[in-house]
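Can you make the complete structure from the sequences, with help from the hints?
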Amino acid sequence: MDIKKIGIVGAGVMGGEIAFVATQAGFPVVLKDIELRFLDIGVANARQIYEFKVRRRRMSEDEMEQKLKLISVTLGYDELADADFIIEAVPENLELKRRVFSELDAVCSPGAILATNTSALSVSAIAEAVSRPERVAGMHFFNPVSMMRLVEVVRGARTSDEAMSSVCALAEAIGKSPVRCADSAGFIVNRLLCAAMLEAARCEREGLMSRADIDSALVKPDAGLPVGLFKMADQLGIDLIHKVMRILQDAFGDRFAPPEEVERLIASGHLGVKSGKGFYDYGKS
Amino acid sequence: MENRELVLNRIFAAVVAEAERAAAEGVASPQEIDDAMRMGALFKKTPFAYTAEVGEETMRARLDEFAAKYGDRFKV
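Taken in sequence, the protein lines are chains A and B.
Going by my numbering, the first residue of the first sequence is number 1, and it counts up by one from there.
Going by my numbering, the first residue of the second sequence is number 286, and it counts up by one from there.
Keep in mind the hints are simulated off the structure, nothing from the lab.
Treat the hints loosely; a few may be bogus.
Some, not all, of what chain A presents toward chain B, calculated at C-beta under 10 Å [stated by the list, open to error]:
hint: 1; residue: 144
hint: 2; residue: 249
hint: 3; residue: 252
Heads up, simulated DMTMM-like pairs for lysine to aspartate or glutamate below, C-alpha to C-alpha not over 25 Å straight-line [to be verified]:
hint: 4; chain 1: A; residue 1: 220; chain 2: B; residue 2: 287
hint: 5; chain 1: B; residue 1: 329; chain 2: B; residue 2: 317
hint: 6; chain 1: B; residue 1: 354; chain 2: A; residue 2: 79
hint: 7; chain 1: A; residue 1: 220; chain 2: B; residue 2: 320
hint: 8; chain 1: A; residue 1: 220; chain 2: B; residue 2: 357
hint: 9; chain 1: B; residue 1: 329; chain 2: A; residue 2: 250
hint: 10; chain 1: B; residue 1: 354; chain 2: A; residue 2: 78
hint: 11; chain 1: A; residue 1: 5; chain 2: A; residue 2: 79
hint: 12; chain 1: A; residue 1: 243; chain 2: A; residue 2: 128
hint: 13; chain 1: A; residue 1: 4; chain 2: A; residue 2: 95
hint: 14; chain 1: B; residue 1: 360; chain 2: A; residue 2: 204
hint: 15; chain 1: B; residue 1: 360; chain 2: B; residue 2: 320
hint: 16; chain 1: B; residue 1: 360; chain 2: A; residue 2: 250
hint: 17; chain 1: A; residue 1: 274; chain 2: B; residue 2: 317
hint: 18; chain 1: A; residue 1: 243; chain 2: B; residue 2: 357
hint: 19; chain 1: B; residue 1: 354; chain 2: A; residue 2: 261
hint: 20; chain 1: B; residue 1: 329; chain 2: A; residue 2: 222
hint: 21; chain 1: B; residue 1: 354; chain 2: A; residue 2: 206
hint: 22; chain 1: B; residue 1: 360; chain 2: A; residue 2: 254
hint: 23; chain 1: A; residue 1: 220; chain 2: A; residue 2: 250
The beta carbon of each residue, even a glycine, is placed where N, CA and C say it ideally should be.
Shown next, in the form of structure tokens:
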């Protein structure tokens, strides 16, 4: 399909990152959110990534300004009426996402693809909110979107082959590598990462090694992780990890039950890097 | 030092077991699962390639041993 305009619903950091990768590839994007301040965050985030490239001399300032001109912002849905492709990136709440999808359904052209960037919710359940579930698919980006190549392209119960192909084609057009998967809890990466994190937590609890030693073993060349699992959990956010583990526990059973230590961190508000403390202390808060 | 090897083996075996279940359920193919873990989690030891590297039989024996010692999460 020929994509002339991409709508991104839910600006914020994720929306801004997606706006960056889309405009970098030359696609005009419309960022939509409910408050101006969220739109500001999204645009500022896209600009920040471009500025980093300019500082690294990988792009001229003129080029950056040209790319940024491809981004427009809106508080209403009207601007999305002629978008060929929508990427929804609002907070992970099923009711909210369904409301957004039914609003999109009312305004978007019948041919438009409606993709959700959900990391944990069911694509099929989100698609129930629209009259064209065959045109709904998951398009799960990884943080930071500007660096991570993977996009999990998720087939909901009623997603058409054509919609899957369109999402994969757009992912490739913006420099990503799509991997198709079924609409199953945690898709691929979150499910397997949580299995790894949970085993690491069990090893610590059994007293085999400290978390710092486990993490440093994991980043040695023979294990080959870029960052240890406890540290990765802190970076992703303990609240997010907890939420994903709960969803996986519901779907697959107690092997995914969040560890006591995660429950304790949540209860004391230690959500990882963003709050200054998680599995490790980051010296603030 | 022995603990180090055990811990790494357990963590990667847990990923292998979960990857086999996901593949068996039809979530994605083994190749797609490896691709996703390489690009989405930056794993070098992606589950199916790692199993091939260790040897299918060795991995099977390890999973059986871990399943007996630590529980059904290693049973596939």
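Against the structure, the hints:
1. 144: 12 Å, violated
2. 249: Constraint on residue 249 (chain A) not satisfied, violated at 12 Å.
3. 252: OK, holds: residue 252 (chain A) within 10 Å of chain B, min 8 Å.
4. A:220 with B:287: Cα-Cα ~16 Å, so holds.
5. B:329 with B:317: 14 Å, holds
6. B:354 with A:79: Violated - the C-alpha atoms of residue 79 (chain A) and residue 354 (chain B) are around 59 Å apart, more than 25 Å.
7. A:220 with B:320: Distance of about 21 Å is within 25 Å: holds.
8. A:220 with B:357: Cα-Cα ~29 Å, so violated.
9. B:329 with A:250: 29 Å, violated
10. B:354 with A:78: 60 Å, violated
11. A:5 with A:79: 10 Å, holds
12. A:243 with A:128: Answer holds: residue 243 (chain A) to residue 128 (chain A) is near 22 Å, not above 25 Å.
13. A:4 with A:95: Violated. Residue 4 (chain A) to residue 95 (chain A) sits at ~30 Å, over the 25 Å cutoff.
14. B:360 with A:204: Between residue 360 (chain B) and residue 204 (chain A) the Cα gap is close to 21 Å, so the pair holds against 25 Å.
15. B:360 with B:320: Cα-Cα ~23 Å, so holds.
16. B:360 with A:250: 19 Å, holds
17. A:274 with B:317: Violated, because 32 Å separates the two Cα atoms, which is more than 25 Å.
18. A:243 with B:357: 23 Å, holds
19. B:354 with A:261: 23 Å, holds
20. B:329 with A:222: Satisfied, since the Cα-Cα distance of roughly 9 Å is no more than 25 Å.
21. B:354 with A:206: 13 Å, holds
22. B:360 with A:254: Holds, because 14 Å separates the two Cα atoms, which is no more than 25 Å.
23. A:220 with A:250: Distance ~34 Å between residue 220 (chain A) and residue 250 (chain A) Cα, so the pair is violated.
The structure does not agree with the numbered hints 1, 2, 6, 8, 9, 10, 13, 17, 23 stated previously, though it agrees with the rest.
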